[in-house]
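2 protein chains.
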Amino acid sequence: MFEILHTNGLARCGRFHTVHGTVETPVFQNVGTLAAIKGGLSAQDLEKNGCQIELSNTYHLHLRPGDKVIKDMGGLHKFMNWNKPILTDSGGFQVFSLAKLRKITEDGVSFNSHIDGRRIFMGPEESMQIQSNLASTIAMAFDECVENPAPYDYVKKSCERTYRWLCRCKIEMDRLNSMEDTINKNQLLFGINQGGTYDDLRINHMKEIAKLDLPGYAIGGLAVGETHEEMYHILDVVLPHAPENKPRYLMGVGTPSNIIEGVARGIDFFDCVMPSRNARHGFIFTWNGTINLMNQKFERDPLPIDPNCGCEACRNYSRAYIRHLFKAKELLAMRLAVIHNLYFYNELAAKIREAIETDTFEQFRQKYSPMLDERIK
Amino acid sequence: MFEILHTNGLARCGRFHTVHGTVETPVFQNVGTLAAIKGGLSAQDLEKNGCQIELSNTYHLHLRPGDKVIKDMGGLHKFMNWNKPILTDSGGFQVFSLAKLRKITEDGVSFNSHIDGRRIFMGPEESMQIQSNLASTIAMAFDECVENPAPYDYVKKSCERTYRWLCRCKIEMDRLNSMEDTINKNQLLFGINQGGTYDDLRINHMKEIAKLDLPGYAIGGLAVGETHEEMYHILDVVLPHAPENKPRYLMGVGTPSNIIEGVARGIDFFDCVMPSRNARHGFIFTWNGTINLMNQKFERDPLPIDPNCGCEACRNYSRAYIRHLFKAKELLAMRLAVIHNLYFYNELAAKIREAIETDTFEQFRQKYSPMLDERIK
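So the protein sequences, as listed, match chains A and B. Oh and the first sequence: position 344 is 368 in this note's numbering, straight run, nothing missing. Oh and the second sequence: position 268 is 292 in this note's numbering, straight run, nothing missing.
Chain A with its partners taken away, still in its complex shape (with noise of 0.2 Å):
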């Protein structure tokens, strides 16, 4: 399922075959939340901007239009109308961060729904019932994510728990798989680690869950509260303990020099709406440096906003027209902000994997690692 044709250093490309197509990795995931690319982007704009797989959000779906819509129309595969590999995580994040007035049992979680503050309850099997009402490619297991720094015993207790939710997860896909009206019989469970920044409780949790024999394992509960440095040093500890012919997924994960130094560290699988998200205030990644549109320097500038990406934005408009549309709060600025952000990220991927095939990925790292996430001067 998971072949990895090349490796340098710790990197590793590969390709990750599933029901729904090929992934080639490293890869980064294009997040659609809620089945549509915020920005005003279809799964067919995705389609053109060489994004490989879409993740959306199984919290967000189930609140809207709810999963049970989305299978009565057939997954979400032929509702939003993309043919290739869907992600769905699993809520376990959205609920810790913006469901209010949570309770944690050992059952699950139950909380009230940001929108209409409706009283929800969702443990394992109701996060993987959703998800394969969703009937996404690939699901994720049921995790709570903690917030960093927690207290060690804190830590080490909900790792326990999330384990043992992990097992219930397991055991519910796999019912779910065979039951005679699930849409994709053959969803994949990819496991989460957990751990906070705390090595031992971090190797532990990834040695306990490798032995699931899970088709790919994510690392969680990073990128929220630690610094850059802790991030790396975690998956630096980590990794050595993950399984080495399954797909390593960094969750929520991030700059341009986050994604090349988790792939210095051998990881595969990455999402984040960063991209997405700073597109739409005019913050913009080129592969000399980061630019804000919005500056009155680009009044009159006839460039394109990448002279070297050939986005559909690059290819037609130059920064004075995306800056007007921004000034002017036209939607079409974070239309075509959108589609380059993505656009780069999903080239970036690409690049890295060309530099890890010819065995100079750790040139490319050092070429742009420092440099992609800084403002140009």
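In case anyone wonders, no lab produced these hints; they're calculated from the structure. Watch out, some of these pointers could steer you wrong.
[To be verified] In silico lysine to any residue, SDA-like type, Cα no more than 20 Å apart, as pairs:
#1 Lys95/B with His30/A
#2 Lys375/A with His30/A
#3 Lys351/B with Gly141/A
[To be verified] The following residues of chain A were derived to be distant from chain B, with all beta-carbon distances above 12 Å:
#4 Lys108
#5 Arg188
#6 Ser202
#7 Asn316
#8 Glu386
#9 Gln390
#10 Asp397
Keep in mind it's a predicted model, so treat the numbers as computed, not measured. Each residue gets a CB set at the ideal place from its N, CA and C atoms; glycine is no exception.
Since the structure of chain A is already known, use the hints to place chain B on it.
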């Protein structure tokens, strides 16, 4: 410059040749107020959507980003990357509908910007200069647009001044077209008929402006307070006095039925924000009448918005999906709905042309004119 290819009753189909290409008439102009179509559509989207001619607003572009910026960027065509004809209105309508504290004199109009309140003066010469900077294909004369109903004496005086302003517009446009650094030296000036709801004022004004032998004539000051019947009556009385061999443009109109009825009376050009504005609120035009996509009954509806439509939204997405996007406030909802409604209006114009060419316009009118504006039961 304008060829009439075929007539069917008073309806005519023709070709209007310009330096930016040929427009097949009757035509619906797609409105891109600020050099972008509201709802997140680009010039490239218009191209795919069957749009022949785009309309932008002089008043808005003068305020943001400024017509001098657009001139420095090579004109509106280059700025927004649209190579087909562009019509710019004169700013007159917006000065009278949006601007605050306006004061009219023989010279022109002083007013406060609706954005930052700064005092601006615009008269016939300024309007022509701004439109010359924008370098549109067709510039509209600077006129006073009087709301209906208005006192006879006021409308009469306003009409006479609008005539004098038109003469000044013509002189200034000729001067600008002969200037070395003018981008489009072939810019065309259309005159605008006014006269409120008074037959004699309308007829006299049209007779006067017809003598100036302009490349096109618009009927202005309609759809600003009067009933549809009053509007049709004015068209009935004034169009026999409009030059037969020049295109006739009914400004700011209207519903699908208004367009069919306008064509039936000899109109060739239309424009209206209605299809895009309605779309942004979920109100959709179809060949069976209108629908409100927010309606609960579409929650699980797998059909496209209009099964008879070939637009990007209808080829790819269900009513259920687009309804979900509206409920979830995803920008993609507006984009898809605007694409559909503009495609519908462009197709309406195409079907009208076909009906005229095949001498079946009256049957077309009887079938569609009563139906297209009505909500489907």
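Legend entry - Enumerated hints in conflict with the structure, sorted upward: Violated: hint 1 alone.
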